[in-house]
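**Q** Please build the complete structure, drawing on both the sequences and the hints.
Heads up: the protein sequence lines correspond to chains A and B, in order. For the first sequence, the working numbering assigns the number 1 to the initial residue and increments by one for each residue that follows. For the second sequence, the working numbering assigns the number 752 to the initial residue and increments by one for each residue that follows.
If you're looking for bench data, these hints aren't it; they were derived computationally from the structure. A few of these clues could be false.
Derived contacts from chain B toward chain A, CB cut-off under 7 Å, selection only [what the hints assert, rightly or not]: (1) Pro763; (2) Asp770; (3) Arg866; (4) Thr957.
All C-beta atoms in this analysis are idealised placements derived from N, C-alpha and C, irrespective of residue type, glycine included.
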Amino acid sequence: MNLDTVKRAADTPDERQPYAELGMKPDEYDRVKEILGRRPTGSELAIYSVMWSEHCSYKSSKVHLRQFGTKAPQSDALLVGMGENAGVVDIGDGWAATFKIESHNHPSYVEPHQGAATGVGGIVRDIMSMGARPIAVMDALRFGGAEAADTRRVLPGVVEGISHYGNCLGLPNIGGEVVFDPCYLGNPLVNALCVGLLRKDQIKLAIAPGAGNKVVLFGALTGPDGIGGASVLASATFEDESHAKRPSVQVGDPFMEKLLIECCLELYQADVVVGIQDLGAAGVSCATTELAAKGTGGMDVRLDLVPLRDPSLRPEEILMSESQERMMAVVAPDDIDAFMAICAKWDIPATVIGEVTDSGRLVMTWHGETIVDIPPGTAADEGPVYERPFHEPAGQAALNAASPADLPRPEDLRAALLQLLGSPNLASKEWVTSQYDRYVRGNTVLAQPADAGMLRISEVMPGAEETTRGIALATDGNGRYARLDPYAGAQLALAEAYRNVAVTGAVPLAVTNCLNFGSPEDPEVMWQFSEAVRGLADACKTLGVPVTGGNVSFYNQTGSTAIHPTPVVGVLGVIEDVAKRVRSGFTGNGDKVVLLGETGAEFGGSEWAHVAHGHLGGLPPAVDLEAERALGRVLTEAASRGLLTGSHDLSDGGLAIALAEACLAQGVGCTVSLTGDDAFVDLFSESASRALVTVRPESFGAFAELCAAHEVPCYGLGTTGGAALVVEGVLDIPVAELRETHTGALPALFG
Amino acid sequence: MSAARVGVVTFPGTLDDQDAARAVRHAGGEAVPLWHADPDLKGVDAVFLPGGFSYGDYLRCGAISRFAPLMEELIPAARAGLPVLGTCNGFQILCEAHLLPGALMRNAGLHYVCRDQGIRVETTATPWTSDFTEGQEIVLPIKHGEGRYVADPATLAAIEAGGQVVFRYTGGNPNGSLNDIAGIRNEAGNIVGLMPHPEHAVEDLTGAPSTDGRAFFTSILKKLVNA
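**A** Set out below in structure tokens:
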């Protein structure tokens, strides 16, 4: 057998290696040789090529992402920031929440069901590896035009994948987004978010300290999943054609993941874990290098001990396999028996494959022969960093000049409202969300179509009974706004998610983000990226909410055409008394309907311009973060004082859609008057920093005072009640008609 | 007087066990965890088989669970009259174990469906439904992909004639179940299975916008206390 050992590598310095096929540049390959003082073995090349990939190393985005740290606002809540598997924030009463959003875009295009399913699985393991119990998931999805044939292939598959994996896992799906735009036709976006709960003094980290501690691989067996790249190595080195054809998309087993969750929680409870890391992209390569780099510094691994689903796998393939539902733990020798007993209880295979050392080297052997001997930090942390060139796109000025001001306005506002309400982006997403279990585990306080999902904490885990707190989560992102102005677009995404959390009564606390862009090698895309990151970092500072982690997805483009830049922002908030949560929309008759915030004629990137005219141009709505912050304070204070009977955020489609959705929430109508002199602008403008609330008439005085104290404009529009949405002198639509239009659209498209 | 003890079974892949235990506690009972691998009913007065995807439902829903060591104890006890409630996957397991007639197939629409569903209570002659009134219209959440109740014509006729249909869907059949059947009981009446989830409809703050699930738990606890 022709095993490429360290000795052989030293003896055959000129052997040609397939680094280019593995996506490495010549200078990157040279750097590996420089680090090692020889050519890498095939296994070492496998490790460096995946660890230095864009996906694992963030080599194109790193220089920009640093702003999330340098501009981070002061926050007492941040317990673990960027760089770990997920950020952790203090939510009070001794409890912490960990949350993160991550993309699984490319696999979901190739194989929608498994791509989306394993996206859920991966983010859930990130949360587990922080020591938390995963408690809910959300998904931010983008598809091509709703009528496009390929959308009918991709969307049902993605939804079914999320549904199958998440439901089987027993995690409630409490929110997210579904947006259609032709720019995503060849590049759908599947961004999965998970949130978990833990005691704040029981955070686990991906770290391997303590020479002599054991390295345990547990969970599913390792098979030939997602190792397209490694096959190049295997076939190049071993001339074995059978290894050249491997599936590139991983297949998930949610049942194994459910057992892993319960098993991990019992391991944490028994306090037998020193450090832990999930196996995601780059599998064993990533877990061993990262754990070793952050611990005592060295690790010996016997790679031939890795339990295999396919016994013909070669070391390079084992290192790169992305088989799902696997974890790696560092365990003190005295705790190994207890660790193994808990795994056995849950029928989880677990194997000691190595040991922590103080050698400063990651050494791997294959049946006694050394095949890897590297300083782990060079693979995990010291990858290449690129300052990619960027410049404003050639057509940007023309795009911004193409103002929507001259677009013909509708004569019939009633018809315009119904046209928008029945359009794919604004229509009810029940066709999608009814395939997700939103109730499991019994802690769901709010779920879609509410502005934010909310969970109570007290019954999530033993010991939490004393707290009255709840957490709220929302994700938002508007690719059209970001296309017009990526700096403002990213800020508007944050502002909307922040507002969606605040309307439930929760105080926004921290941010996660998933930055979906085209190729970083295109300077115009890189400009969009740098602007979006700069905008988001600046806005986080102003709003006082730190970025705790996230994910960058580049290369979302077909040929030279990139998707709209799509920063998706997730905001987590805390409500002190979850019983005081504000429900979505109109919840009863006779309440006063109040509009908060100022409305201007802002139609750039709006849903109306998109639906009525297929127009994208001009500038997105103006960003006023101070106004956003003041609005948030009014909403959360009013909620805690019990002044609000219902609320709803104003965003896509403006006041018209907000009123319609508020009526649809509980089937309660309203009669309102508009305050401005242009009904079209009042109804359809998408000015930011606005929300709709309802208050009992006797509370209105106190509420108006609160608004005045925070300088938030407050307009009484009318009263809830009746069976129709009535805008006096403008339109009158029965709620039943609204519902038919709203709920009929997606079933008509997808069956 | 000590609280009535209701066993809540956990198989690998059971998901709603926490909710089931909470619903029992809220009604004033003691929830006793029962583990699939442990053939011991721990002297409980009744058993709740909650929903989930036991063993991943990889063969056929409930098909593997019926062979669990605990089931060796549960099956004869149920035949001897122990009150047993199975919801969703628990209902599937009861059918696979032949404690209830018929079977549950893939939904007619082929999709998993989670929604708040109208249901009519057809009989109160079970230990789990005595606090309802006959014909009462309630709302409970459903959340399943394989909830289409089927049985051969003779069996179907027999359970209809014998008053064994306990619940029917109203306002639209979500899964294509024969005769809109949402839940049934055995001839003796002590074993009830249904696809909807009463344990998700017991609190105002969380779960479905209904607390109609409470009556299941108050029914069984009254029955046990009076027994």
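**Q** For every hint, state whether the structure bears it out.
**A** Results for each hint:
A least Cβ separation of about 6 Å between proline 763 of chain B and chain A falls short of the 7 Å threshold, and the interface hint therefore holds. Evaluation of the aspartate 770 of chain B hint against chain A yields a held restraint, the C-beta minimum of about 4 Å falling below 7 Å. Hint on arginine 866 of chain B holds. Least Cβ distance to chain A is approximately 5 Å, under the 7 Å limit. Nearest Cβ of chain A to the Cβ of threonine 957 of chain B: about 6 Å, under the 7 Å cut. The hint holds.
The earlier numbered hints are all upheld by this structure, with none contradicted.
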